[in-house]
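Residue numbers (our numbering), protein chains in the order written: chain A, 144 to 474; chain B, 73 to 809.
Since the hints were derived computationally from the structure, they do not count as laboratory data.
Since this is a predicted model, take the numbers as computed values, not measurements.
The reader is advised that the hints may include incorrect statements.
[To be verified] Looking from chain B toward chain A, a few residues come up when the C-beta cut is under 7 Å (computed):
no., residue
1, T153
2, E251
3, R674
4, M715
Cβ atoms here follow ideal geometry from the backbone N, Cα and C, with glycine treated the same way.
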Amino acid sequence: MRPFGYLRVASVDEAVRAAAGQPGAQFLAGGTNLVDLMKLGVEAPRTLIDIGRLPLDRVEELPDGGLRIGALVRNADLAAVPAVRDRYPVLSQALLAGASGQLRNTATTGGNLLQRTRCGYFQDVSKPCNKREPGTGCPAREGAHRDLAVLGHSAHCVATQPSDMAVALAALDATVCLHGPEGERTVPATEFHRLPGDSPERDTEIRLGELLTAVELPPARPGARSRYRKARDRASFAFALASVAAVLTVRDGTVEHAALAFGGLAHRPWRARAAEAVLRGAPATEEHFARAADAELAAAAPLRDNGFKVPLARALAVGVLTDLAGRAAHG
Amino acid sequence: MSHDPVPERTASPELSHQYEQGRPPSPDRPTPHLAPAAPLPHPLGAPSVRREGREKVTGAARYAAEYTPPGCAYAWPVPATVARGRITALDTAAALALPGVIAVLTHENAPRLASMGDPTLALLQEDRVPHRGWYVALAVADTLEAARDAAEAVHVGYATEPHDVRITADHPGLYVPEEVFGGPGARERGDFDAAFAAAPATVDVAYTVPPLHNHPMEPHAATAQWTDGHLTVHDSSQGATRVCEDLAALFKLGTDEITVVSEHVGGGFGAKGTPRPQVVLAAMAARHTGRPVKLALPRRQLPGVVGHRAPTLHRVRIGAGHDGVITALAHEIVTHTSTVTEFVEQAAIPARMMYTSPHSRTVHRLAALDVPTPSWMRAPGEAPGMYALESALDELAVVLDIDPVELRIRNDPATEPDTGRPFSSRHLVECLRVGAERFGWLPRDPRPAVRRRGDLLLGTGVAAATYPVQISETEAEAHAAADGGYRIRVNATDIGTGARTVLTQIAAAVLGAPEDRVQVDIGSSDLPPAVLAGGSAGTASWGWAVHKACTSLLARLRAHHGPLPAEGITVTEDTRQETAEPSPYARHAFGAVFAEVEVDTRTGEVRVRRLLGQYAAGRILNPRTARSQFVGGMIMGLGMALMEDSALDPVFGDFTACDLAAYHIPACADVPAVEAHWLDEEDPHLNPMGSKGIGEIGIVGTPAAIGNAVWHAIGARLRDLPLTPDRTLAALAAPLT
Numbered sequence: 144m145r146p147f148g149y150l151r152v153a154s155v156d157e158a159v160r161a162a163a164g165q166p167g168a169q170f171l172a173g174g175t176n177l178v179d180l181m182k183l184g185v186e187a188p189r190t191l192i193d194i195g196r197l198p199l200d201r202v203e204e205l206p207d208g209g210l211r212i213g214a215l216v217r218n219a220d221l222a223a224v225p226a227v228r229d230r231y232p233v234l235s236q237a238l239l240a241g242a243s244g245q246l247r248n249t250a251t252t253g254g255n256l257l258q259r260t261r262c263g264y265f266q267d268v269s270k271p272c273n274k275r276e277p278g279t280g281c282p283a284r285e286g287a288h289r290d291l292a293v294l295g296h297s298a299h300c301v302a303t304q305p306s307d308m309a310v311a312l313a314a315l316d317a318t319v320c321l322h323g324p325e326g327e328r329t330v331p332a333t334e335f336h337r338l339p340g341d342s343p344e345r346d347t348e349i350r351l352g353e354l355l356t357a358v359e360l361p362p363a364r365p366g367a368r369s370r371y372r373k374a375r376d377r378a379s380f381a382f383a384l385a386s387v388a389a390v391l392t393v394r395d396g397t398v399e400h401a402a403l404a405f406g407g408l409a410h411r412p413w414r415a416r417a418a419e420a421v422l423r424g425a426p427a428t429e430e431h432f433a434r435a436a437d438a439e440l441a442a443a444a445p446l447r448d449n450g451f452k453v454p455l456a457r458a459l460a461v462g463v464l465t466d467l468a469g470r471a472a473h474g
Numbered sequence: 073m074s075h076d077p078v079p080e081r082t083a084s085p086e087l088s089h090q091y092e093q094g095r096p097p098s099p100d101r102p103t104p105h106l107a108p109a110a111p112l113p114h115p116l117g118a119p120s121v122r123r124e125g126r127e128k129v130t131g132a133a134r135y136a137a138e139y140t141p142p143g144c145a146y147a148w149p150v151p152a153t154v155a156r157g158r159i160t161a162l163d164t165a166a167a168l169a170l171p172g173v174i175a176v177l178t179h180e181n182a183p184r185l186a187s188m189g190d191p192t193l194a195l196l197q198e199d200r201v202p203h204r205g206w207y208v209a210l211a212v213a214d215t216l217e218a219a220r221d222a223a224e225a226v227h228v229g230y231a232t233e234p235h236d237v238r239i240t241a242d243h244p245g246l247y248v249p250e251e252v253f254g255g256p257g258a259r260e261r262g263d264f265d266a267a268f269a270a271a272p273a274t275v276d277v278a279y280t281v282p283p284l285h286n287h288p289m290e291p292h293a294a295t296a297q298w299t300d301g302h303l304t305v306h307d308s309s310q311g312a313t314r315v316c317e318d319l320a321a322l323f324k325l326g327t328d329e330i331t332v333v334s335e336h337v338g339g340g341f342g343a344k345g346t347p348r349p350q351v352v353l354a355a356m357a358a359r360h361t362g363r364p365v366k367l368a369l370p371r372r373q374l375p376g377v378v379g380h381r382a383p384t385l386h387r388v389r390i391g392a393g394h395d396g397v398i399t400a401l402a403h404e405i406v407t408h409t410s411t412v413t414e415f416v417e418q419a420a421i422p423a424r425m426m427y428t429s430p431h432s433r434t435v436h437r438l439a440a441l442d443v444p445t446p447s448w449m450r451a452p453g454e455a456p457g458m459y460a461l462e463s464a465l466d467e468l469a470v471v472l473d474i475d476p477v478e479l480r481i482r483n484d485p486a487t488e489p490d491t492g493r494p495f496s497s498r499h500l501v502e503c504l505r506v507g508a509e510r511f512g513w514l515p516r517d518p519r520p521a522v523r524r525r526g527d528l529l530l531g532t533g534v535a536a537a538t539y540p541v542q543i544s545e546t547e548a549e550a551h552a553a554a555d556g557g558y559r560i561r562v563n564a565t566d567i568g569t570g571a572r573t574v575l576t577q578i579a580a581a582v583l584g585a586p587e588d589r590v591q592v593d594i595g596s597s598d599l600p601p602a603v604l605a606g607g608s609a610g611t612a613s614w615g616w617a618v619h620k621a622c623t624s625l626l627a628r629l630r631a632h633h634g635p636l637p638a639e640g641i642t643v644t645e646d647t648r649q650e651t652a653e654p655s656p657y658a659r660h661a662f663g664a665v666f667a668e669v670e671v672d673t674r675t676g677e678v679r680v681r682r683l684l685g686q687y688a689a690g691r692i693l694n695p696r697t698a699r700s701q702f703v704g705g706m707i708m709g710l711g712m713a714l715m716e717d718s719a720l721d722p723v724f725g726d727f728t729a730c731d732l733a734a735y736h737i738p739a740c741a742d743v744p745a746v747e748a749h750w751l752d753e754e755d756p757h758l759n760p761m762g763s764k765g766i767g768e769i770g771i772v773g774t775p776a777a778i779g780n781a782v783w784h785a786i787g788a789r790l791r792d793l794p795l796t797p798d799r800t801l802a803a804l805a806a807p808l809t
């Protein structure tokens, strides 16, 4: 075992100060991904700053009608919060579609957002990987990439972001709250994860020493319906081949508002702005939903073995939107 | 779960006779062994609970890695990171400099091993790297963590050579093996080409099954200790006798100088059938360091070193008359082995005995590639072979427009096609009929792609299953103690099957004793030698020896007058004679598997709604543990059908799915209503218990039943396992085939 320091902190300020004073430190919450990566030799923090006892484990109503979700709220707990189930069903569904019951009991909101890709080359230290060791190359392009990206990838990296929850947060226009040495700031959930470009080692916009403290949801749109749907190789405990989170408001047969995000397709939850532009003001029909999905997926650049993700994502989007529109029409 | 009520369960004449012998207490011979208080319940066929169940669920049962002798050191292996080549440089200085590190074994300093029959065990003996993942060094340290650190700090230089891990149907290295499962690699009977050309109805189809891994829950682990020249190992193994014999050969010892203990084993599915690297490496490290050494192979290293089911490429051609009777049948398979040793996945074997086939061709061809060495995985041969054969039968049923159950019934042979031997018992037709009735097979609209519920298409499918009866020589000791208790000693292995429990039932049945008076000792090479737990042969082989020893003991007890001597009475029997001669009968278990699936036409996701297996496997000795065997095999077949896939990385030459996050096996949510039923099959040509093996037949047939149901659901024939959404979507997008 590589020796590492262990520090338990009692406040956000203490956590941030500790991180600033400890090069190579990482925050430890549920540990469901970080500890695995330490065992694999992918991560080797010099210090683990245990934030498990910080008071970030609550879901609070915001004055504007939104919700503030503490970074340490467990995935299983968040999925069960009545306000989440009632007002943001897409989020509850996405959480329950992720991992297994045991993992959801341990994994936290912040950790879920910060989990690393499950690309096999990233996890195998005996092989090159630009994300793990910049400049060593990306064997996934020629190797095993059935589960990897079809949108927004680069010559340096074709990894996917594995979180289901993050896809729902992107569709809900959530905000990620960060606390660092420079103070607090927020980043839109849609901008929080990056595309790989030429620096795939950076998954997100989080800066060195910053602590993810909360996720805020804006008020649910009146009349909006939302849903998450995920396609996977087995019925439980498998990452998305593709998934879709959709929030749809239909009035008089016309799309008043639509927010759509894809999972399993890219290095970040893929907010489908081009599709939304097609949907806005369009008739809420399967034909228009398909047109919208095609508008978004036109940019797809599949690799040798993952071309199926494009029609799969299209079918998921059309299915979910049609279902939401149908339910809106009936009730 | 239930046994079929139609054929009445009766004890075999031989057993009934023995119960009579054991029952009546004799007033003038107050031997406690012959004086049960009341008539005993019939112990064979009773749903006895697992003898060690409480120990297992409370964590008291100890597995190989849970023995920690004083001074125990820990080992961690170093796998090769190239797919083919030679070691040119070894630098262990950095590893040895780490705190707590005791030694690093490499081919330069490791104990020399004698060459023996299994070259996969020639570990750390030479510089050649035959495949990625092959062990090139072993770090030994005071702690597990230090051993792992040391393993990572070993620097190995290689001269690499181009590698080839991709098997194709036209691979230039293909050859026909001389021998496969006791028969020739290729067999011709009649004139297949002419008969196929003349057949009014034909199918000519190709299927592929990818490499698969057993992945038992307990990883391969061993703890080894040398004491005054005697080697003691606790090993996670399916057969301690075989491990003991192989260690004796490798280390040039007598088997009496080695004790191998495999008391509890957390699954094997064939991957622990013969010794695997952990036990040899642990013994080498213990000898080299003079300390006890424990080695549990990390999950991610298992795929490369403990064996896998080799991929198989199948071509099946069937010619039949309009009446559905098969006139020509060819099953040709292509597979791979490693450059280390030859292992043939015997997938064309079932075509030699399943169906009427006056003109037949069965061929195995393989090429030695730069891949890890394949080995046994649950129903080797039958599982992939019957996937292809039973899928092709379904395709033939479609061509002929004959119900697939009926088509199989019409091709049920009177004698074993390849040998002409009579079957000792063959109740495939009964399984098909009874299973169809239970499942609600009829009425069935044979048209595909017509049962739509929203986005879902539903379908049903059927396939036959078979597995041969195998019995091997085993020795057992039966002891009657002066206090009235019995002790049975036999080196059987309970890999989770319930072997300990069933052997107790057999002994109790013969002795006429309550089960709680019978102690059964298994899982140590210090016990009388026994065949390994494999080939679905354990209960038959061990049980026969136990039965024979108990029968002899009973005779001794009956002849004994007065109280037993203080040391009791002990008899030892073996089944050398009984197992030496091949049976004049063709002996196989049979079954029929029915599946109902739903296919999501948007996502391509296939989910199984119902699975029903109907088996005829001789006498079922314990319905509780038997049900676990059947149902577990069927669920493993579900995984083979829908998700299991150990693809080889074309760039690096290793298996890409090396942990249980990437190698998908069914989760609870994937497992629907699964039912296993059986006929009470009477077969006097097996063994005194009348049992056939049941450990493997559940996986056979299930993948084809599911694949056939997928065709019935969507109207497209998917011929490459597993049936994942990418493949189903492509098929749904294509015109109907």
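Results of checking the hints against the structure:
no., hint, verdict
1, T153, "holds, 5 Å"
2, E251, "violated, 35 Å"
3, R674, "holds, 4 Å"
4, M715, "holds, 5 Å"
Taken one by one, the earlier hints fail for this structure only at number 2.
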